[in-house]
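These protein sequences, in sequence, are chains A and B. Note that the working numbering gives residue 173 to position 162 of the first sequence, counting from 1, and the numbers run on in steps of one. Note that the working numbering gives residue 82 to position 71 of the second sequence, counting from 1, and the numbers run on in steps of one.
Simulated from the structure, these hints should not be mistaken for lab results. Accuracy of the hints is not assured; some may be wrong.
Pairs involving identical chains hold if they fit within one copy or between any two copies, as the list cannot separate such chains.
Listed below are the simulated PhoX-like cross-link pairs for lysine-lysine, each with C-alpha atoms no more than 20 Å apart in a straight line [stated by the list, open to error]: (1) K284 <-> K252; (2) K142 <-> K42; (3) K35 <-> K171; (4) K345 <-> K171; (5) K268 <-> K88; (6) K314 <-> K40; (7) K258 <-> K13; (8) K284 <-> K249; (9) K13 <-> K140; (10) K48 <-> K13; (11) K171 <-> K344; (12) K42 <-> K13; (13) K35 <-> K88; (14) K40 <-> K171; (15) K15 <-> K284; (16) K149 <-> K344; (17) K246 <-> K284; (18) K35 <-> K268; (19) K42 <-> K149; (20) K35 <-> K344; (21) K33 <-> K149; (22) K13 <-> K72.
2 protein chains.
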Amino acid sequence: MKVKLVIIGKGNVGTCFLQLMKEKEKVLKEKFDFSYKIIAIFEHDGALINENGIDLEELLKMGEKFRELTYWKKNIKATELISKLDINVLVETTPTNPDTGEPAYSHIIDALNNNIDIIASNKGPFYLKYKEIMDLAKEKDCIVKYEATVASCVPVLSIKENLIGNEITSIKAILNGTCNYILSRMTAEGVPFSLALKEAQELGFAETDPTLDIEGFDSAGKLIILANELLGWSKTIKDVKIIGITKITPQALELAKSDGFTIKHLAIANVEKKELIVEPRLIERDSLLNINGTLNAIELHTKHAGPIIIMGRGAGGPEAASAIINDLIYIAKKRGHAR
Amino acid sequence: MKVKLVIIGKGNVGTCFLQLMKEKEKVLKEKFDFSYKIIAIFEHDGALINENGIDLEELLKMGEKFRELTYWKKNIKATELISKLDINVLVETTPTNPDTGEPAYSHIIDALNNNIDIIASNKGPFYLKYKEIMDLAKEKDCIVKYEATVASCVPVLSIKENLIGNEITSIKAILNGTCNYILSRMTAEGVPFSLALKEAQELGFAETDPTLDIEGFDSAGKLIILANELLGWSKTIKDVKIIGITKITPQALELAKSDGFTIKHLAIANVEKKELIVEPRLIERDSLLNINGTLNAIELHTKHAGPIIIMGRGAGGPEAASAIINDLIYIAKKRGHAR
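Chain A extracted, bound-state conformation (with noise of 0.2 Å):
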């Protein structure tokens, strides 16, 4: 059978995801024997929707203007239309409010109350309200991913089934590129904070407000999804102590540095303690953790066998493309979609 999938949300991830699910059609086939069709892909302003299966070639080709197709329909809110489909897998990539973590938890409620699985980009939701998802995914029987929603593509979720007979004990971990590329600025070139941010902004790496990545919060967000998969707390963001890195300053860096260490916007989740951080923090200089530039690392470390750290991208939207579609393949196969 064919997989029938829905979309929400048609920006940069949801289009790399569409361009990435086109490019791998043949090979998810011959190697998964995992077929699919997307009947629906939903805006904020209206959605594609075609039962047959949208054609996936020419809704890209379009580009931009996707609007112009005749199966669009405006107005349309995914919240009417998903009880009213036929879907086995919701994808949600919908920019979320950080304090509601709307439009995405209704989506994803919605959708459970129709026995749908789901796949989830935003972290929104689950760090607000992750008991609530779980409790009625568990009711429902249904599966509910979101591996893009920490590190991209860097299966720092999914691996809890590789470590599954050892035991994680604290997370530590370097979780928001933006931070950690002013950090790796301000400590090579001796620049203030402002200087590095600006630079920042000027290559893309942070937002034009951004307030939620230098003051903790992004980083928090995805702390309490780590520890909520990994560790099995039921935590929200509210639990997380919260110190961003606008008051380190070049001096406090230099010093850091001529003592062998150097300073980084750490998340740490700690079992002992029972302690959630994301706050600046000393580290030594030949640290695992002393990673330059705008990647992610996180730092599991296990009863049986010490430390595990995993790197790579954070951010980008083939990366949380990725990360959806190895999602989406875990779900087919435990659905008997995919061998």
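Given chain A, work out where chain B should sit, using these hints.
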């Protein structure tokens, strides 16, 4: 039901595995509804056999005197008994002959012919006869897991599943802790190879006969397993170009350092160039593979998401034992013997 296990080899890894299984017995039951009995433990000169399940507490208390237990049978060989015992999973931890892969290879083939799933911790059989083993496993519908053979507890083989929708195009890795320790010390202290090796031997990081490590054979064996598993190849160790670290001088390291580089002993598999190489290579000093000490690090270059790097301890009894337990839970879940 209780999963029936047989262990071959009661050396460091085998014993650590038994300890960990005893320690985790309750957790495995509660968390995964997994229970087991160990019905035989083979050593080179006999076996402990109890079809009702060996009492691990009693056994572990005996330490090296386990041959005094009433159910010790002298001179019994695994190959004579595997076909006669009712076994679900065979755990192979014997030291293997690097040229023949024996006795592990025969144990594995024998078990597969009797439809028994396998977990192995020694790499010999896999870098020598990967295809033979995997073809037979497929024919017999058996699962063969061997995470501990490469980078021990670091889940670099099973990570394939986490990246299933992506595509790994090359592998670059540090796979031998002894070599990396020696090179790290030579770089940091400017000492010659012979002195760094002696230090590594005194600290227990290098064997009395370190040939397999310092000449690159150990890394090459692991590289073959990585390439076969992650890239879908069917190579053997004969396909690897191997150069060891014995000719590296403090002067060469100094020269590299002054240009912003360092020398690391890398294992490389490249799909495009179809090459398999183990040799000393210059890498930039801020490369993520510039790790010190005895750690292992594996960089997987992926088509859709750039590099993903994973690192951790590459050796040690408890580390290998925890990898075996991960494999065991994997098999038990697949077979419906764990949830």
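Comparing the hints with the structure gives:
no.	hint	result
1	K284 <-> K252	within (13 Å within a copy, 49 Å between copies)
2	K142 <-> K42	between (35 Å within a copy, 19 Å between copies)
3	K35 <-> K171	between (26 Å within a copy, 17 Å between copies)
4	K345 <-> K171	both (17 Å within a copy, 16 Å between copies)
5	K268 <-> K88	neither (54 Å within a copy, 60 Å between copies)
6	K314 <-> K40	between (40 Å within a copy, 18 Å between copies)
7	K258 <-> K13	neither (53 Å within a copy, 58 Å between copies)
8	K284 <-> K249	within (17 Å within a copy, 51 Å between copies)
9	K13 <-> K140	neither (32 Å within a copy, 38 Å between copies)
10	K48 <-> K13	within (6 Å within a copy, 43 Å between copies)
11	K171 <-> K344	both (18 Å within a copy, 14 Å between copies)
12	K42 <-> K13	within (15 Å within a copy, 34 Å between copies)
13	K35 <-> K88	neither (29 Å within a copy, 50 Å between copies)
14	K40 <-> K171	between (27 Å within a copy, 18 Å between copies)
15	K15 <-> K284	neither (45 Å within a copy, 39 Å between copies)
16	K149 <-> K344	both (18 Å within a copy, 19 Å between copies)
17	K246 <-> K284	within (15 Å within a copy, 48 Å between copies)
18	K35 <-> K268	neither (46 Å within a copy, 43 Å between copies)
19	K42 <-> K149	between (30 Å within a copy, 16 Å between copies)
20	K35 <-> K344	within (17 Å within a copy, 29 Å between copies)
21	K33 <-> K149	neither (32 Å within a copy, 31 Å between copies)
22	K13 <-> K72	neither (23 Å within a copy, 57 Å between copies)
Of the hints listed earlier, those the structure fails to meet are numbers 5, 7, 9, 13, 15, 18, 21 and 22, in rising order.
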